[in-house]
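Student: Sequence order for the protein chains is A and B.
Under the working numbering, the first residue of the first sequence carries the number 7, and numbering increases by one thereafter.
Under the working numbering, the first residue of the second sequence carries the number 1200, and numbering increases by one thereafter.
Please keep in mind that the hints were generated in silico from the structure rather than gathered at the bench.
Hints may be right or wrong, so weigh each one.
The following label-pair restraints were derived from C-beta to C-beta distances [unchecked claim]:
#: 1; chain 1: A; residue 1: LEU10; chain 2: B; residue 2: GLU1205; range: 53 to 59 Å
#: 2; chain 1: A; residue 1: ASN38; chain 2: B; residue 2: ASP1231; range: 48 to 54 Å
#: 3; chain 1: A; residue 1: LYS63; chain 2: B; residue 2: PHE1224; range: 43 to 49 Å
#: 4; chain 1: B; residue 1: VAL1204; chain 2: A; residue 2: TRP67; range: 32 to 38 Å
#: 5; chain 1: B; residue 1: TRP1290; chain 2: A; residue 2: ARG90; range: 25 to 31 Å
#: 6; chain 1: A; residue 1: LEU37; chain 2: B; residue 2: PRO1232; range: 48 to 54 Å
#: 7; chain 1: B; residue 1: GLY1305; chain 2: A; residue 2: LEU11; range: 41 to 47 Å
#: 8; chain 1: B; residue 1: GLU1205; chain 2: A; residue 2: GLU110; range: 36 to 42 Å
#: 9; chain 1: B; residue 1: GLU1205; chain 2: A; residue 2: LYS160; range: 42 to 48 Å
#: 10; chain 1: A; residue 1: LEU11; chain 2: B; residue 2: ILE1217; range: 47 to 53 Å
#: 11; chain 1: B; residue 1: PHE1224; chain 2: A; residue 2: PRO152; range: 23 to 29 Å
#: 12; chain 1: A; residue 1: LEU37; chain 2: B; residue 2: VAL1204; range: 27 to 33 Å
#: 13; chain 1: A; residue 1: ARG90; chain 2: B; residue 2: ASP1231; range: 14 to 20 Å
#: 14; chain 1: B; residue 1: MET1267; chain 2: A; residue 2: LEU11; range: 27 to 33 Å
Predicted, not measured: the structure shown is a model, and the values here were computed from it.
Where a beta carbon is used, it is the ideal one built from N, C-alpha and C, also for glycine.
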Amino acid sequence: MMKLLRRIFPHPHLTFLLTFVWVLLANNGSLNSLVFGLILGIIIPFITQPYWPDRPKLRNWRMVAEYILVVLWDIVVANVTVARIILFKRDADRQPNWICVPLELRTPEAITVLAGTITMTPGTVSCDLSAQGHNLLVHCLDAPDPEAVRDQIKQRYERRLKEIFE
Amino acid sequence: MTFLVELLIAVFLIMSGIFGFVGSFGMIKLKDPMSRLHAPTKATTLGVGGVLLASIAHSVLLEGKLSMHELLITLFLFLTAPITALFIAKWHIHRHEKPEGLPDAGEDELWATHAVEQVEDVPDHSAN
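Chain A on its own, in the form it takes in the complex (with noise of 0.2 Å):
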């Protein structure tokens, strides 16, 4: 009974994803876009299959809905950060600087996450990552202190990413 079910949903949380786009994209909550989104949900992953070879495990729901409401709230600082060095801040007082991060997290999906997370937060761009993948090229657009920024990143994100995927 298992495995037909792994068969049918091969990737369920591809599935519950792609139905829950169709259903905002149709934007009226009718029974008729979530039957077809819910079509759309198991095709998909079954065709794809192939494509997804070894698909990272969530391991802990609860620390989802903390890293994401984490995350928010710091896209929300970040924002009021930036724009205040921008407009405040003269540009000879400002110290850009590369940073490096070394990583303890070794799933790939895992750092495309803190990457991007780390992108969309407080002056920092994450920019390239070392050629066998174990560090992360971070450009800061104003640090004064490259070691605090570092830490944060790595107790804030990565810390909770860890506990995530691995």
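Add chain B to chain A, keeping to what the hints say.
Tutor: Chain B in isolation, oriented as in the chain A frame:
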């Protein structure tokens, strides 16, 4: 009541206008290309977000129907903004940064963009 709702929507719209403006202004004010990248990736997130919140508030509170289209725009924005930023950053590293100018890449010795340059011979287009 309607007045309060309209006030709320107006506040969201003004907020988004301010952040959109700051994002564009940053492009002019900041001097080096890498710093310029920061302004559009962040300040505009709240700029677009404000319009979307205003749109949701308008359809829910004034028209009385639930419209969640806008959440999708946010979702797609969060997916595309980091990728665009990464592409521009990689281009910058590729063209204007030497391995010596960047921090140490630890045990891997090189950053991925530079490592590729060594493996394959990247044609030089900068002359023309």
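Student: Each of the hints needs a verdict: does it hold here or not?
Tutor: Okay, the hints, checked on the actual structure:
1. LEU10/A with GLU1205/B: 53 to 59 Å: The hinted range 53 to 59 Å holds for LEU10/A and GLU1205/B, with Cβ atoms some 55 Å apart.
2. ASN38/A with ASP1231/B: 48 to 54 Å: The hint (48 to 54 Å, Cβ to Cβ) holds, given that ASN38/A and ASP1231/B are roughly 53 Å apart.
3. LYS63/A with PHE1224/B: 43 to 49 Å: With a Cβ separation near 44 Å, LYS63/A and PHE1224/B satisfy 43 to 49 Å, so the hint holds.
4. VAL1204/B with TRP67/A: 32 to 38 Å: 35 Å, holds
5. TRP1290/B with ARG90/A: 25 to 31 Å: Holds, at about 28 Å.
6. LEU37/A with PRO1232/B: 48 to 54 Å: 51 Å, holds
7. GLY1305/B with LEU11/A: 41 to 47 Å: For GLY1305/B and LEU11/A the Cβ distance comes to about 44 Å; the hint holds.
8. GLU1205/B with GLU110/A: 36 to 42 Å: Check failed, 50 Å falls outside 36 to 42 Å.
9. GLU1205/B with LYS160/A: 42 to 48 Å: At roughly 45 Å between Cβ atoms, LYS160/A and GLU1205/B fall inside 42 to 48 Å, so the hint holds.
10. LEU11/A with ILE1217/B: 47 to 53 Å: 51 Å Cβ-Cβ, so the 47 to 53 Å window holds.
11. PHE1224/B with PRO152/A: 23 to 29 Å: Roughly 26 Å apart at Cβ, these two residues keep to the hinted range, so it holds.
12. LEU37/A with VAL1204/B: 27 to 33 Å: At roughly 30 Å between Cβ atoms, VAL1204/B and LEU37/A fall inside 27 to 33 Å, so the hint holds.
13. ARG90/A with ASP1231/B: 14 to 20 Å: Since the Cβ atoms of ARG90/A and ASP1231/B sit about 19 Å apart, the hinted range of 14 to 20 Å holds.
14. MET1267/B with LEU11/A: 27 to 33 Å: 29 Å, holds
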